[in-house]
Every structure is written in structure tokens, then in C-alpha cells.
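Assemble the complex: chain A is given as a structure, and chain B must be docked to it using the hints.
Number of protein chains: 2
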Amino acid sequence: MKFALIALALVALLVPAKADAVAEIASPGKVLAVQVRIDGEGKASYSVSRGGHTVIAPSALGFLLTDQPQLKRNFAFAGADTASHDDTWEQPWGEWRFIRNRYNELRIHLKEKIAPARRLDVVFRVYDDGVGFRYEFPEQVVLKNVHIAEEVTEFDVADPAEAWWEVGGDWNSYEQLYQHTRLDAVSQAHTPLTIKTDGGVYIAIHEAALVDYAGMWLKRIDGQRLRSVLSPSAQHAAKVVRTAPFTSPWRTLIIADSAAGLYMSHLELNLNEPNALGDVSWVRPYKYVGIWWAMHLTNWTWASGPHHGATTEHTKQYIDFAAANGFKEVLVEGWNYSWDDDWFANGHSLSYTQPYPDFDIKALAAYGKAKGVKIIGHHETFGKVDNYEAQLSGALDLLAGLGYDSIKTGYVADEGGLTVLGEDGKLSYEYHDGQALAVHHLKVVTEAAKRHIAVVDHEPIKDTGLRRTYPNWVSREGARGQEYNAWGNPPNPPNHESLLVFTRMLAGPFDFTPGVLSLTGKGGQKIQNTVAHQLADYIVIYSPVQMAADLPENYVKYPGPFQFIKDVPTDWSETRVLSGEPGEFAVMARKDRNSNNWYLGAVGDNTKRRVAVKLDFLDNKHHWVAETYLDAKDADWDSNPHAINIARRAVTPGETLTLNLARGGGAAIRFVAK
Amino acid sequence: MKFALIALALVALLVPAKADAVAEIASPGKVLAVQVRIDGEGKASYSVSRGGHTVIAPSALGFLLTDQPQLKRNFAFAGADTASHDDTWEQPWGEWRFIRNRYNELRIHLKEKIAPARRLDVVFRVYDDGVGFRYEFPEQVVLKNVHIAEEVTEFDVADPAEAWWEVGGDWNSYEQLYQHTRLDAVSQAHTPLTIKTDGGVYIAIHEAALVDYAGMWLKRIDGQRLRSVLSPSAQHAAKVVRTAPFTSPWRTLIIADSAAGLYMSHLELNLNEPNALGDVSWVRPYKYVGIWWAMHLTNWTWASGPHHGATTEHTKQYIDFAAANGFKEVLVEGWNYSWDDDWFANGHSLSYTQPYPDFDIKALAAYGKAKGVKIIGHHETFGKVDNYEAQLSGALDLLAGLGYDSIKTGYVADEGGLTVLGEDGKLSYEYHDGQALAVHHLKVVTEAAKRHIAVVDHEPIKDTGLRRTYPNWVSREGARGQEYNAWGNPPNPPNHESLLVFTRMLAGPFDFTPGVLSLTGKGGQKIQNTVAHQLADYIVIYSPVQMAADLPENYVKYPGPFQFIKDVPTDWSETRVLSGEPGEFAVMARKDRNSNNWYLGAVGDNTKRRVAVKLDFLDNKHHWVAETYLDAKDADWDSNPHAINIARRAVTPGETLTLNLARGGGAAIRFVAK
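Each protein sequence line maps, in turn, to chains A and B.
Each residue of the first sequence is one higher than the one before, counting from 1 in the numbering used here.
Each residue of the second sequence is one higher than the one before, counting from 1 in the numbering used here.
Everything labelled a hint here was simulated from the structure, so no lab data went into it.
Please read all numbers here as calculations on a predicted model, not as lab measurements.
C-beta atoms are modelled at their ideal positions from N, C-alpha and C, and glycine is treated no differently.
Treat the hints with care, as some may be off.
Said to hold, decoys possible - Only part of the chain A face toward chain B is listed, based on derived beta-carbon distances under 10 Å:
1) Asp-184
2) Ala-234
3) Leu-297
4) Thr-298
One chain only, chain A, in its complex shape (with noise of 0.2 Å):
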């Protein structure tokens, strides 16, 4: 069944559901219906209804370009086509190995009225937990360079709605703190944005397959009507310059009747074009740990003296630690020239075959070979784009003789900082998520997959599910991970896992970096967690590579909660949402995709909580054994984080388990099966 793909005949809907209605196409179960209207202006619009119940009123299409008369006026209906689509593939890897694919499309043929009469098809795939949209350019003599100034794609929420939301395109990479507002105080946005209407459906607004192309953000206009807008561009006026026939990136809808379902949805995955790579069975999901948080602690430091972190001695101790408990990778941070001046002005005098002289690469590979780990490749470009890709086959290939592979790259920089070559020999500054970096990360990754090397970004762009096609694309950060808990003001907060779920994780993967069981940040802060938490976030905050980010000295001295890491994979066959709101908990169990337990991870937020979890997720062919990791019952992430219970049961399918969660408090349970 793998990429099998079965053709159904065209059931999809195509009538004029209301007088400026052009088409209209429902779902395969008839759950949802997009409506196609274009009204006395020649505007075009569609609308998502939901059971007959309008979820996105009519919402405007179009674009401005910046040397045509915008596209999205005078247009005509020129004609539809349907098509119907259902079949299951599978993940190399990931958090499900079967996928369904299930829609009903529908293709609308614009044209203008008035010379020069141009044309623009808008694709929908209509799904019954969603709906994807995109354009398509089509080659035409009118307009064949296209100089996108701005997409006015809308999204006109229908019902009043709360939203959880992060300022967009404003701010670093981001990495701000969640806000909980109404819908329409929402000022703009980056995506994943949810909301949740008063009536509880639940919507997420995201793009799929971001591929030469400028990232979305969603700027509120009024009401709660949202309007994109595309990241800038500065080397050119256009934010997105293109050649048709070309699409744009999927803009995509989630709408389901719980938050779970938001996350329990396929749409982001199934929007991206198959695997582009072949064979992909050298990506391999791992867990790591490296010489990072002792930098963020500032005992070490990533630029070299005294107390350089990325020494051959230390990492030696590190693949050491490592191989006696599993770990399959080591990073290493600070190992290249030079960390050693400011970074945001020193980032184009960064070398990346050029390693500090007390870190004996090739030694260091040679050590790691030997007790079968490997060392992860750290690319830090602090923005300088231009520097990176002027040595990234000479840094890849580096890394692949030495047996690497993976590499985790950075690009710490301010929005509109990061460092581009164009194409007229000068350097541009950029946004995260511009056209120009969305052209850049696919170059890494690409050229990476050449020589069977896997990449986690940070400051990355955006997740819009390119996994599935460049499955060594493994994880990436794009929110506030671990390290704001060793030095931000504030930390995370105890509900960030739980906010994160259902919002940054709707995205895809995020190497977060969990496992901080000394529960300390930099001058002993206090992280807002139980040991429970930190546990569980390895089930909640799915990445397929997964760090065991605490010191070593800390993992020998919390055997008990270690043992967990130990034992939790980061690969699944199957995936569910047991319960959860955004901000307040999340309930989660995985199944591992290399045998037939089972885990389950919870996290709450900053208040006591029970949570009933019914164990039906267990098949009954075996017996089962859990291993509880939970928060004792005066467990608190201020007063008492350390305190958790950790015990060994037999539990039946049948069974519902309570789980009591402490402040800033989590569940870890491996169920083992016999």
C-alpha cells in the first residue's frame, strides 16, 4: 500500500449554491463545503461552511503585483474542474506510518473581463478536518514574470472567536510568548494561528509546502477578518518574484469540534508533494545530548578560552556518556571560528571547516565511530546566509567524510537581518521568512540529502510540512525551547507545553531540546516544571530527534527520571490526542513505531489538574505493564519540582487511569507490552 494511490470517480459537487455562487464543492464525508463566489466587480471569494454552518465567511482572493494592474478585479468565471482523490502512504518516519489522503478538489479557472484578459486558477482540496487552497500561475504571454507585491488572500472568521496567537513578523524568529486574546484583538500573527469559536469549533490557519515563495503572516484588518501578508523582500520590490506557471503555497484551514483534532489532522502533510529523495532509510529518528546547556548556564562558553565548552576532552566525555546510555548523536556547539567577538557583527568571519584548535575533529569522529556515536554538525551562521552558503559544500562534504550525519544549523539574527547574496552581487537583508530564505533552507536541505545528511534548523522559517517531501528536513526549533528556561525573563511558562501542542506543534517537529531534570536555569532559576513535565514533553513535543538536554553530572544524579529518557523513542506508527485545550493540558499516547508499547505523555499548566485517561488506545493482544513517572502528590514546580513517583504496574485496555497534575506538572507512562 505504500504510495499507493487510488484514482475514485469524481464525486465532488460542482452547483450555483446562491446567485453570485459560482461552484461549490463539499468533502468526502460531507462535513465541510468551500464555496466559490465572484461578485459585480469581478471580485473572487470563497467561504468554508461546516455543516451547513458558514466557519469562514466570504473571504477575498487575490493579489497586488507590482508592475501589473493588481489580480483581483474584473476577473470571470472561466470554467471548473473536479477531481477526487483517496489514498495511503507512508512516513519514513514520524508521528503516524500510515497516512490517508482524502479529498475532494476543486479547480476554478479565473480570467479577467478587460485585456489583458490574464488568468489565475485557485486549487482548493477539500478534506472533512480541513481545507487547503493555493494558486496557480498559468503559463501565459501576459504575465509570465510575476512581480507579487502583496497575496490579499482573507480570512473572514464567521463566528466570534478567542485566539492563541504570537506576534508576526515583527520580532526574532519566533520566539515570543504565546498570547491569549479574542480573535479580534489580534493585531498580526504569525501561523499556526488557532482559534476557537464560542460555538467550540476549532480552526487553524497555516500554510503547506512554503517553496520559493514568501512566508505568510496574518495581519487582523477588522472584525475578525484577516488578511495576509507576505514577508518582505529587499532585494526586490516584489516580495515574491516568479516565472509562471508556478502555485503558491497551500494556505490551509483546520477546522475540527476539539483542539485534539486539530492536531489529530493529516492536512499539512498531505498538502506536500512525496518523497523527492528516494530512498531515505539514512535519516534515522535518534536522540542526542551535547555540549549546549552548560553554555547556556554560562559555565562554559561557545567562544574558545578557559571554559571553551567544544573541547576534544569534552566531547569525548560526552560520547562516552552517550554510548553508556544510548544515545545515538552528540552536538557539539562552538567547535568552528570564531565565536569569539560580537556574533552579530563577527558572523561573516565564520568558518565552517575551520575548527578551534583544541577540538581534534577528525579524532573526535574517529573516537565517536568506535563506541557508534556520531557527532552532529553545528552550522551557527548568526544571519550571515551569504557566508554559509559560500562554504556549505565545502562544511557538508567536511562532515560527510567524517561520517556525519546531521547538522544543526542557526540563524540567530533580528528580522530583517539575515545576510542574502542576490543575484545582482549585493547583499540584501532579510526576514526569517522571505522568499530568499525559503529558497536558502531548501538548499541546505537539498544539498544535505546528497550526502545522506539529516538537518534540524533553528531561527528557522517556518514548518509547512516539506518533510514529507525532503524527509531528512528532520525538526527544526521556530518557538521558545528549552534554553529560555536557562536565561529568559521570564522562563517558560508552566503552561507553555500545553500551549505549544496546539499551536507551534500543528507545524511539524520541534527539537526543543527536553530533559532538563536539574529543573535550574542560569544563577539557579527555577524552570516552571515537575520532573513529571519535563518527562512527558519528550511524548507532547514531538521531534524525531530528541535531546536529552541537562548535563551529564545531572542525568547520574536523577537515575530514576532518567531511566525514561532512556527508554523513549522518538519514531511512532501511531499518534493520539487523548485530551486537551490549548494552554491548559494536553494528553497524548504514541505508539513506538519499533514494537508494541505504547507511552503517553500529559502536561498542565499552572494549576492543580485531573485528568481521566482511558487506556482503550492498548489493543488486547498483550499484557500490559506501565511504568508510571508522576508527579507525587505534593509535587509543585516552586515548592517541590523534584518530587515524583515513580512505580511499575499491570493496567488493563479496559481500564481509566487518573492522572493528577501538579503545578507546572506532567505524566510520563511507558506501557510495555508482554
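Just chain B, lined up with the frame of chain A:
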């Protein structure tokens, strides 16, 4: 005293206020104070306090550039200069004859601590009723060609507040209905943005002297923190391209105890440069009628054909009517080839010198001259700026040769739809308020000035007080005018003018085209005003050129109220806002520049209101006769809009009048000095 400049001794304070405050300056009356800080990262900010209470919390300063690192970090304080200024200057025409300009100035020199050590100055002018500040880019080798990707000036309003605002940057020509929300529900606003804190402090954020720069929108980031967003360029990746040395426009904050106080500020005009045109006695305030409302009613057409409005015969009738009733000019729209096809598509074939054959331009100029009436040249561009600029000299020469002294320009086009010819010979599609349009408008104004022609522009760039420097830029549109009462869906609401007074009108004159005594739009649509309200508009909506917009036959039908329109002047020596609240009511008194007479206008909203007006603006040297045009007892915009009491009686300066405003009502009074 004309243009006298009194140099005062330096009185400004320059003290380190807090640990990180590098400079502070108070207003001359010590009402307002500005503090400037530089934080540990070298980021500069300013704050504003009033009577020691923070009004604007520390707010960011700086720029993103397309081709250099951002100018907002790593700054060191490199010194400051202070100055004081006090003079009184005379307006050639206006709302006030004499304007005092009294401020303390603080110039902050910023210099980067790291290479390339770029310099940037910020200059603050602090008045008792407001603050203006601008950036000055000094001449320097390392930043000669400045490419501004974004200006990141912030305005963080300290106290909880409400706001009256219009969505900025996405819509046509500033012609939306104003919104009234909490400040933290603003999305992106045009300026002026009017704010009232819960503590009763009124703030208006705007800009002054928008010259060769992009217009500023205000985007809310979070909470009550607003950030500048410059209007885009379709020619350049940079929104502003300039060569140093140059200055930004002034960013302005009027701060007052009352809505009236906002209006009474002269900050905008004072921050503009003095008259650059020399003798401008040829710029004459006037009233006019025009071939205009009949087209909005669709009785006549702009296009040729059997219902063509701009015919020789119609124009003669309008000239006759103007001459008979004391109007100095007649606007004629639709006189030129060719309005016959789709306006948006057809703009490039418009001629500004070729009249329709049924419009005898020479004969009409002679006919008018004989009757003492001039014709207002009409230059609708449909946003085809390139086509207009190519014909500009010839078009103006034609009008000047005919003895015309006014043009009304028009820029009907969608945002992002104005075509400008770039230096590279390519057309770009620009916003109404980008740098290209700022340059264009001043080109028209200065070319017109050479020919002693005044300019009124519709669908304009916003007003930033440039009439001080270019007194032939007499008026403009830039908000919903009377035409929306013809065909608007909805038409202007009853409180439209009381909103405009404290929002749009803070920018400058508005060619609102009042005086539709028929109170009827297209197809019989009701105008939501009483007759007295339409008369009051001549006082509360300032313009040195005011239209009597209705059809001549309607003025014949309503001779009573028409008398006020014939009497009311359009040039003032004195203006006072007696009372008002945004969107509720506004009462203004103005003194005729050419007599001792005063005029009063009051407008309300959709409720009945009683407003007390103390007549203490009248002097004791004269006897006063009030000619009152008041809503009758049963007047109501919906049920009885024409009910007006017109009376005449003696009044005394000690008196307090009680005005009873109907729903949608108003009051207009002429105080004749005997």
C-alpha cells in the same frame, strides 16, 4: 511681526533623569517632557510625560535597511544639542491668521559602537501641547545611499485608552468609516490616529512634512504598542530611497486635556517649513459650485452622450448661477477625453488638453471672465500618474492660459494601483501614500505654483501640513466626503462630521463638498443630516475652498438655508473649538478674516443633544446680531430633516446659548458685528 523670529536664550533642560536616560527636555511651559534612553544593547528609545505622568512609555527608535545592518542596535550616545524657539508667523489664509511657534529642541547624536560606526540624529521639538521628532541622516561615507526597508518607530501608549481610527494600508484612499474601539483592538491604522486614555488625556499621532518619503501607517504590535509601517514601494525593495543628508518627516504627538485641545494645536503647521513660494496673494479662498453632484446622482454622466454633464450649455448655466449668488468658481468634471470606457482600464488614454466637442473650453473661459467666475480645471488621473505627469506641463499651461487659478486632481484607484514611471523606464504600481506619490504630489503642487494655480486633490496622499510651505496646496479629500451620501452603502452616518473633526481634520483642510440642502442622494437615498447640519459643515469641516455641492435648482428650492451658504466665508482669522467629543458632537466658532463677524457651527450624532454655548468669543466693542439656522423642535434626519428655524436676534457676549441638536442635527449661526 510677519515671519518674525525671536531667538530666545537656551532654556532647555539636559539632565540624566534615570540610570539609562541619556537626555531629557521639557516643553517651554514645562507641561510635557521627553526622555531619551539607550539600553544595554545600544537600542535608543524615547518616552513622553505630561505633568510628570508617563503618556508614552519608552518606545523604540530606528530603522531596518535593505542593504546594510539595521540601524537600531549598538548605538552609543554621542552628545546632544538643545535650542529654543519662539516666534509668531502669519498664514496667508487659514483657520488662524497668526500662529505662535514656541518649542524647546533636543538633538540626540547617536553613533554605532561597532564598525562601521554609522551616525544618526534624532531631533525632538517639545511644545506644551505636543511633541514632534524626526530622524536626520547626516552626510557620512558609510551611509550615503540610504535604503530604508522599514522605520521601526514605536508609540507605546502608557495608560489604557480608546481610539478612533481607520484601517490603514489596505483600502482605497482613506475612504472608510472610522472605527471606535479600545486602543488594544486597533489592527493597522492610518494617521491621524486619535486616542483618549481612560484618565482623560487625548493624544493624536500623525506626521508632519511628508516630503520625499513614504507615508506612515501605525500597526499595533501588542497591548497598546504601535509601530510605524511605511507605505511600500513597487519600484524598490526599500520603502524609502534617499541620499544623505536628509530628514524623515516629523512624527507628531498632540497631547491635550480635551478633544478640543487636539484641534487647537498648531503642531502640524509649526513643524512644516515656512512658505517657499514667496508672494502667494494669488491664492484666494473661495466658494464654488460645480457640475458634479448631478453625476453622483446619475442624472448626468462624466462620459459623453445624451446625458453628458460637462457641456458648454450646462457650464454656462452654472456660471450664471455662480455669478448670481456670489460663488467665484465652477468645477466641471468630465470635460476631457475620455471618460467613455472602463475608468480603471482607460486611464492611460486620458487627455488633459483635449476637451469633449460639446465643451467649448475657450468660449467658457471668456464667458466666465465676463461674469467674474473662473472654472476649476479638473484632472482625474484614475491613478495613471505616469500619464498625468507626461502631460502635466501642457495641461497646466492650457489652464493658466485660460485664466484658471485652481485645479482639482483625482486619483481614483485601488491601493497599490497607481502607475508611476520609474527611472528605469518601467511602470510600477504604487500605493496612494508611498514615496513615489509623495514626490508626485509635490511635483504637481510646485508646477501649479509656477502658474499661480491652486491644487485640491481627491484620493490624495494624506495632509501633513505642507500648505504652510506650499500655500497653493489649498485642500484635499482623504476621507469619506459628501459623495458617499449620494451612493454610499451605507451613506455617512449622522456622527460622521463629529468624528472627522477630531480625526481627519487634525491633518488639515478637507474638500468635503457640503451644502446638499435636498438631503437626498441617488435613488432618493436619505442623507442622515438635517438641513442645519449641512450648513454647520461649512464651519466644522474646514476648507479654504468650499463647494455648494447641491444642484442649483435645489438652492432655488431652499432659499432660506441657502442664504447661510451665500454668507459664510472660507477664510478665518481665528478658530475656536468650543466643545466636542469624537463621534458625539463638535461646536466650533470662527472669525471671518475679512470682517468682524463670527460664525458658529455645531454637529451632533444619532441622538438628540442639548449643547450650551457661551458667547464669550464675541467682543464687547460691537453690537451683535445672530442669524440662527437651528433644527426645529421636531427636526430629525429620518422623519423631518428639512425642519429648520431661521431667525435673527440681538445677542450679547455674556450670553449662553442653548442649542438643541436633532438626531443627525446641527446648528449654524452668523454673528454680525454692528
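Going down the list of hints, with the structure as the test:
Contact between Asp-184(A) and chain B, as hinted, is supported at the beta carbon level, the nearest pair being about 6 Å apart and thus within 10 Å. Hint on Ala-234(A) holds. Least Cβ distance to chain B is approximately 4 Å, under the 10 Å limit. Because the closest C-beta pair between Leu-297(A) and chain B is about 20 Å apart, greater than 10 Å, the hint is violated. Hint status for Thr-298(A) relative to chain B: violated, with the closest Cβ pair at about 16 Å, above 10 Å.
Checked against the numbered hints above, the structure breaks hints 3, 4 and satisfies the rest.
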